[in-house]
Amino acid sequence: MSAQPEQPDRILELKRISKAFGGLQVIDGLDLHVDQGEIVSVIGPNGAGKTTLFNLITGVYRPDRGEILLDGGSLLGLPPHAITQRGVARTFQTLRLFLNMTVKENVMAAAYGRTKAGVLRSMLRTPSMRREEQEISRLAEEKLAFFGERLMGYRWNQPAYSLSYANRRRLEIARATATGPRVLLLDEPAAGMNPKETQEITELIAQLRTEGGYTILVIEHDMHVVEGISDRVVALDHGIKIAEGSFDAVATDPRVVEAYLGTKAAATK
Amino acid sequence: MSEVEGTPEGPKIGVDEWVARHGERAGLRGGRLAPLVQQAERLPWWALLAAAVAASALIPFISSSDYVIRVAVNTVLFALLALGLNVVVGWAGLLDLGFIAFYGFGAYSYALLSSDQFDLHFPALAAVAIVIVTSALLGLLLGLPSRRLLGDYLAIVTLFFAQIYVVLATNADRIKLPWNDGPTDFTGGPNGITDIDPISILGYEFTSVRSYLWLSLGVFTVVVVALQFVNESRTGRAWRALREDPLAAELMSMPVNRLKLLAFMFGAATAGLTGAIFASLQLGVFPQNFDLPLLITVYAMVILGGAGSIPGVVIGAITINVSLELLRDPSNARALFYAAIGLGLVALVRPWRRLAVVAGATVAFGIVVYQLADAIRPAWTSGSIEGGRFSELLDGWVVHPVDSTRLGNIGFILLIVALLTLTEVRGIWRTILLVPTLYLAAFVWENRLVTEPSVTRILLLGALLVVLMSWRPQGLLGTSRVEIV
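Top line first, the protein sequences correspond to chains A and B.
The numbering of the first sequence is my numbering, which starts it at 1 and goes up by one.
The numbering of the second sequence is my numbering, which starts it at 1 and goes up by one.
Pulled out of the complex, with its shape left as it was, chain A reads as follows (with noise of 0.2 Å):
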């Protein structure tokens, strides 16, 4: 237990971590940290290994070496579902939702976590269950009203599927959100959407941290976005990083320009 009295406020940590699938090194040695209330951002050109960082934190991988730390405890060797409940959620590049369930029920599932009524006492709907049930719906409404009347009234009660793509999206944000997390990792939020859809992604990002108040680790192509929401930007390549700091600072750093568009580029610059 060795307190960090320079960082009180650190809340995810990864330390060394490393991660290879047979002989490709998609992560190598990464260090990173996210401070309480911070929206730190991950770019890097594909390939560079951010979804697995992901993937990683939220236990689908274990990293062959490293620790991650959630408030100082470790998240290495939980289960997924546990690592949900410790206050990791994310929502997934190429979306997952529940399709054929309602989007209600869809954030109402991603409650599970939470709450506790056993199945006797759902089968013998006792009056504590059902008042778990009705926080439940109250919680799901709550979440899915955080994002205006786009995904309120008559949309609760129809299959996901029938969803636009940007309201899936935001759907996808309001079930992990459901699940009760301190740390949200959004992964490329605003991939497909136009650019008004782009804008408005950009803010709502900065309202779950002020009004949701998560803390936010998102991975993004967009540039605009980037800039927009970040108080810090990691650049990734080939599972290293290659800097950070500011957005200004990280856009111009040679090795984060060479990363995208090569080295010529970078030398008639």
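Note that these hints are calculated values from the structure, not bench results.
Certain hints may be false.
[Stated by the list, open to error] Under 7 Å between C-beta atoms, here's a sample of chain B residues computed to sit facing chain A:
1) Phe229
2) Thr235
3) Arg237
4) Ala238
5) Ala248
6) Leu251
7) Met252
8) Met254
9) Val482
[Unchecked claim] Not everything, but these chain B residues come out facing chain A in the computed CB check (under 7 Å):
10) Val230
11) Ser233
12) Arg240
13) Ala241
14) Glu250
15) Ser253
16) Asp291
17) Ala359
18) Ala375
19) Arg481
Just so you know, even glycine gets a beta-carbon here, dropped at the ideal spot from N, CA and C.
Dock chain B against the given chain A, drawing on the hints supplied.
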């Protein structure tokens, strides 16, 4: 992605009206059954349950035939099995082919606890409670090694388990135990266990078939209510979530492995309970009661009725079990056969003028063929036609040779060739070919199939399933599922 502009005639894809009208289109998708389904959906589920159970409980007052009541009891038992399988397959989405072994396990466990086999005679309620708990534990045991298996692999392992169960029940009659000198008889081998105690509760002994109908209806009500409540709870939502996307469910804080085990246990407990009632009703259990054909039947019920829907699988159980019983009687089977062909023609041949031409041509074709056959060789028309409804009508139309088996077999092969050709040709040729095909079907039916009722009823049921599943792939009351968007 840019905003998609809607055309004046079509719905605007991706904008609000399109989403708002989803319910309307969902109704359209259901076809002609949709208004009925929507009406039924407006009623609360407990009202439907109460009405169905009350109506079934009155059957003994309407018909005094023990046979009818026994069919009713069997149907309720099948409905219970379908409900149990629905938890595993319909809700949790696990392809469990070992399901029927739990039914057998429940029946045999009850038999061992309440017969002279080991001279144990537990009170019925205690025996049933033990059966439910041990079945659930066996479900857990099967689930433990299989919980990481997906799809096909799970199916293979559980199918293996079902087969082992039958083999075990057939051969566990000469087991050598270290503390016994002679071999011990556990299951009675192929002869099974007989003289099982009937269920008795608070001094009332369930002996008559009608009392078993009421008992099984009571159990059915309890099971439906319990499952409905679980379905509406966080566990039910989590099962459906894991069916949709196990990885997303796991990452949304649901312990997927534990939920799978729970689904296995629920299915196994329901099947075990049903097995106990079955054993006490039949007063005996035999290995062949729990073999693969039963598994296929229960699966057909769940799939036909609509996996995932409680009223759906119950209706599936009723439809399949009642049709199988009706088809036992050749004259019923004949009526059903011609009715099915007639309905199929009415549904598929349009406009009605063409239908009239086809019908008239078929009748004329038959008369001509009959006269020709009679003129060429009288032996071709002097065989006997099975009695029953409208057998006189058919005399003079269907050729019925003395040597009906051989010509019937040839006719059967010709019929299959004709049906296959029918699916390949188009336009006028299809209409023309339809006439001899229909006649051939009648010929094969009267000369060959009618003499083999046990095969025929399975054939007809198979045909019914094929037709229904191509008409409503999601099952009668199931909701069609979207996999990729």
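When the least beta-carbon distance from alanine 359 of chain B to chain A is tested against 7 Å, hint result: Hint on alanine 359 of chain B: violated, closest Cβ of chain A at ~43 Å, above 7 Å.
Per-residue hint verdict: arginine 237 of chain B, partner chain A, C-beta under 7 Å: 4 Å, holds
Restraint outcome when aspartate 291 of chain B is required to lie within 7 Å of chain A by C-beta distance: 31 Å, violated
Chain A contact restraint on glutamate 250 of chain B - CB to CB distance below 7 Å: 5 Å, holds
Evaluation of the interface hint that places serine 253 of chain B against chain A, nearest CB under 7 Å: With Cβ-Cβ at 3 Å, under 7 Å, it holds.
Restraint check, 7 Å cut-off on beta carbons, for leucine 251 of chain B near chain A: 5 Å, holds
Cut-off 7 Å, beta-carbon criterion: hint that methionine 252 of chain B touches chain A: 4 Å, holds
Evaluation of the interface hint that places serine 233 of chain B against chain A, nearest CB under 7 Å: 4 Å, holds
Methionine 254 of chain B as chain A interface residue, shortest Cβ-Cβ below 7 Å: Interface hint status for methionine 254 of chain B: holds (5 Å vs cutoff 7 Å).
Phenylalanine 229 of chain B as an interface hint toward chain A, with CB separation required under 7 Å: 5 Å, holds
Hinted contact alanine 375 of chain B with chain A - closest CB pair below 7 Å: 63 Å, violated
Satisfaction of the valine 482 of chain B interface hint, Cβ to chain A closer than 7 Å: Hint on valine 482 of chain B: holds, closest Cβ of chain A at ~4 Å, below 7 Å.
In summary, the numbered hints that this structure violates are 16, 17, 18.
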